[in-house]
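Chains as they are written, first to last, in my numbering: chain E, 3 to 266; chain B, 257 to 558.
Among these hints, one or two may not hold up.
Distance condition first, Cα-Cα at most 20 Å in a straight line; then the derived DMTMM-like pairs of lysine to aspartate or glutamate [to be verified]:
#: 1; chain 1: E; residue 1: 262; chain 2: B; residue 2: 311
#: 2; chain 1: E; residue 1: 62; chain 2: E; residue 2: 175
#: 3; chain 1: E; residue 1: 262; chain 2: B; residue 2: 341
#: 4; chain 1: B; residue 1: 555; chain 2: B; residue 2: 341
#: 5; chain 1: E; residue 1: 262; chain 2: E; residue 2: 94
#: 6; chain 1: B; residue 1: 555; chain 2: B; residue 2: 447
Covered stretches of chain B (chain E as the covering partner; in silico rule of three or more C-beta atoms under 8 Å from a C-beta of chain E) [as the list claims (entries may be wrong)]:
#: 7; region: 316-322
#: 8; region: 369-381
If you are wondering where the hints come from, they were derived from the structure by calculation, not from laboratory data.
It should be emphasised that the depicted structure is a prediction, and the values quoted were computed from it without experimental measurement.
Note that beta-carbon positions come from the ideal geometry of N, C-alpha and C, so glycine has one too.
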Amino acid sequence: MTTPAARGPLALVLHQARYDLRGFLRNRQSRFFTIILPLLFLVIFVSLFGNHLVGPAHVKASTYYVPGLSAMAVIAASFVNLVISITVLREEGILKRRRSTPVPAWVLIAGRTLTAIVVSLATMVVLLVVGRFAYGVHLPTRTIGGVALTAVVGSISFCVLAYAFSTVIANEDAAQPMVQAVMLPLYFISGVFIVPTIIPSWLRHVAQVFPVEHLADGLHHAFDPTTTGIGIVWSDLGVLAIWAAIGVAVALLRFSWLPKAASG
Amino acid sequence: MEPVVSVRGLRKQYGPFEAVRGIDLEVQRGEIFAFLGPNGAGKTTTVEILEGFRDRTAGEVRVLGVDPAHADSQWRNRVGAVLQESNAEPGLTVRECLQLYAGYYLEPRDIDETISLVGLDEKADAETTRLSGGQRRRLDVALALIGDPELIFLDEPTTGFDPSARRTAWHVIEGLRGLGKTVFLTTHYMDEAEQLADRIAVIAGGEIVAEGTPGTLGGRNSMAATIRFTLPAGVATAELPAELRSLLAGEDARVTLTSQTPLAHVRELADWALGRGFDLPDLDVRRPTLEDVYLELTKEPA
Numbered sequence: 003m004t005t006p007a008a009r010g011p012l013a014l015v016l017h018q019a020r021y022d023l024r025g026f027l028r029n030r031q032s033r034f035f036t037i038i039l040p041l042l043f044l045v046i047f048v049s050l051f052g053n054h055l056v057g058p059a060h061v062k063a064s065t066y067y068v069p070g071l072s073a074m075a076v077i078a079a080s081f082v083n084l085v086i087s088i089t090v091l092r093e094e095g096i097l098k099r100r101r102s103t104p105v106p107a108w109v110l111i112a113g114r115t116l117t118a119i120v121v122s123l124a125t126m127v128v129l130l131v132v133g134r135f136a137y138g139v140h141l142p143t144r145t146i147g148g149v150a151l152t153a154v155v156g157s158i159s160f161c162v163l164a165y166a167f168s169t170v171i172a173n174e175d176a177a178q179p180m181v182q183a184v185m186l187p188l189y190f191i192s193g194v195f196i197v198p199t200i201i202p203s204w205l206r207h208v209a210q211v212f213p214v215e216h217l218a219d220g221l222h223h224a225f226d227p228t229t230t231g232i233g234i235v236w237s238d239l240g241v242l243a244i245w246a247a248i249g250v251a252v253a254l255l256r257f258s259w260l261p262k263a264a265s266g
Numbered sequence: 257m258e259p260v261v262s263v264r265g266l267r268k269q270y271g272p273f274e275a276v277r278g279i280d281l282e283v284q285r286g287e288i289f290a291f292l293g294p295n296g297a298g299k300t301t302t303v304e305i306l307e308g309f310r311d312r313t314a315g316e317v318r319v320l321g322v323d324p325a326h327a328d329s330q331w332r333n334r335v336g337a338v339l340q341e342s343n344a345e346p347g348l349t350v351r352e353c354l355q356l357y358a359g360y361y362l363e364p365r366d367i368d369e370t371i372s373l374v375g376l377d378e379k380a381d382a383e384t385t386r387l388s389g390g391q392r393r394r395l396d397v398a399l400a401l402i403g404d405p406e407l408i409f410l411d412e413p414t415t416g417f418d419p420s421a422r423r424t425a426w427h428v429i430e431g432l433r434g435l436g437k438t439v440f441l442t443t444h445y446m447d448e449a450e451q452l453a454d455r456i457a458v459i460a461g462g463e464i465v466a467e468g469t470p471g472t473l474g475g476r477n478s479m480a481a482t483i484r485f486t487l488p489a490g491v492a493t494a495e496l497p498a499e500l501r502s503l504l505a506g507e508d509a510r511v512t513l514t515s516q517t518p519l520a521h522v523r524e525l526a527d528w529a530l531g532r533g534f535d536l537p538d539l540d541v542r543r544p545t546l547e548d549v550y551l552e553l554t555k556e557p558a
């Protein structure tokens with residue numbers, strides 16, 4: 003029997019992703035915050051704000067809730083969940099143990115990122131399917147490639163940022179409040195929950211510095227039935243790429259496989 | 257044959273603090289080597305340098321012929337580690353953990369056989385979070401073994417175990433000797449080192465203060481024995497023969513003598529006591545335990 007390590011790096015990444023995904027799916031908290039919560043928000047938004055026909059294309063309002071919540075789903079799977087899980091794995095010495103094996107560091111990171119991408123896309127599919135059949139959400143067909151590409155770029159960018167952000171978190175208990183403290187305000191000002199048109203322009207400018215707004219904007223554009231072309235906003239992807247580069251730099255400088263709490 | 261671990265003049269500085277101050281170590285193939293020392297003595301720092309987790313300030317280190325500071329995955333294929341504080345993979349069962357780790361190696365051991373080796377057959381399909389402390393530690397050992405390494409680092413493998421779990425763990429570690437593995441064991445349990453180790457080195461204050469077999473460490477084989485007994489009521493220590501009085505090391509409820517020639521002194525004591533018509537029913541003669549030697553070696557200067 004040849005092992006994934008013997009079959010090459012790609013086989014090893016898939017091997018890692020398979021077990022990361024299994025571990026993720028067995029964690030009730032991960033399942034709830036990543037998959038269930040965006041869905042719950044969709045139901046709440048439609049109930050609170052209604053689902054009437056809006057815009058020049060006369061589509062259901064829920065068509066505009068889905069992309070914002072898709073951005074939230076990508077961030078939940080790629081950033082929130084990952085920061086918490088990296089911190090736990092690091093503080094419990096699991097990252098250290100993995101590093102004591104021959105598996106290359108980049109394989110561990112790529113495997114976990116692949117898991118985040120799969121979970122992000124799956125959650126978006128669930129949002130879309132529920133939206134389509136429960137609320138008559140418009141399904142993007144022409145821009146499906148744009149939706150997928152934006153989600154994948156966003157997921158990779160937020161995964162890298164998760165590795166960078168985890169370096170400022172001292173222990174498991176701090177992880178959840180810290181990520182929420184950063185993400186909740188950004189969700190509100192970046193058009194994830196609230197239609198961007200009612201956000202004051204100065205606040206939108208602030209939001210535009212950060213990657214959340216660009217993922218949300220990119221997805222809004224790709225989902226929008228009035229969009230022409232393939233639904234890719236290259237400037238949004240560009241900003242996400244810049245944030246990813248910042249994340250790589252910080253992670254390279256500060257990321258540690260060893261527990262922070264350990265004594266020398 | 258080249259030693260499996262060879263360390264010359266190893267130093268590690270953390271800011272102004274010198275955690276390791278120029279130590280030499282050598283571990284031969286197939287040996288169980290115990291590395292002892294109190295907390296903060298430089299033990300974990302040394303092991304982490306040998307495992308390739310930390311860089312060093314100075315010195316020469318070779319582990320399986322390679323400098324661990326430049327460890328590559330080929331080297332990691334040959335080395336296993338049971339780390340001091342590491343939990344199992346969350347959300348996976350015992351078998352899944354071993355499948356995940358087996359995938360990292362080129363020639364892993366058989367998974368079921370490894371589960372049996374550490375005695376976790378009945379827990380093979382249990383999630384790791386449902387294991388007891390002792391069972392988790394056995395999973396740690398299984399994960400360190402799954403790559404079929406030549407050298408295994410065991411960092412305090414039985415800390416927090418109850419006595420019966422420790423016996424089981426010892427049994428597993430002794431089994432590694434049978435597999436021809438070299439074991440680098442750190443512990444602060446003396447009985448553990450005595451039971452398992454072929455050779456022991458003691459580190460204190462960043463320096464190796466003693467090295468030897470469990471029987472000879474720190475001159476244990478030539479250290480004075482202790483003779484202890486209780487005198488019957490009405491008999492004072494002042495009445496002991498002069499030579500025995502000169503050996504007096506302490507007197508509380510019992511009299512303590514220290515002796516380099518315990519047999520001769522016990523005979524003298526016996527002649528004296530029997531001559532006066534009494535026995536010494538609680539007499540015991542004890543050579544220093546490894547723990548006595550260790551405490552002596554690692555004593556903080558007063």
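Structure-based check of each hint:
Between residue 262 (chain E) and residue 311 (chain B) the CA atoms are separated by roughly 17 Å; this keeps the pair inside 20 Å, and the hint holds. For the proposed pair residue 62 (chain E) and residue 175 (chain E), the alpha carbon gap of about 41 Å is over 20 Å, so the pair is violated. A hinted pair counts as satisfied when its Cα atoms are at most 20 Å apart, and residue 262 (chain E) with residue 341 (chain B) qualifies at roughly 12 Å. Among the hinted pairs, residue 555 (chain B) with residue 341 (chain B) is inconsistent with the structure: their alpha-carbon atoms are about 27 Å apart, more than 20 Å.
For the hint linking residue 262 (chain E) to residue 94 (chain E), the alpha-carbon distance of about 10 Å falls within 20 Å, and the restraint holds. For the suggested pair residue 555 (chain B) and residue 447 (chain B), the alpha carbons sit about 19 Å apart, so the restraint of at most 20 Å is met. Counting residues of the region 316-322 of chain B whose C-beta sits closer than 8 Å to any C-beta of chain E gives 0, which falls short of three, so the coverage hint is violated. A stretch counts as covered by a chain when three or more of its residues have a beta carbon under 8 Å from one of that chain; for the region 369-381 of chain B and chain E the count is 0, and the coverage is violated.
When held up to the earlier numbered hints, the structure conflicts with 2, 4, 7 and 8 and fits the remainder.
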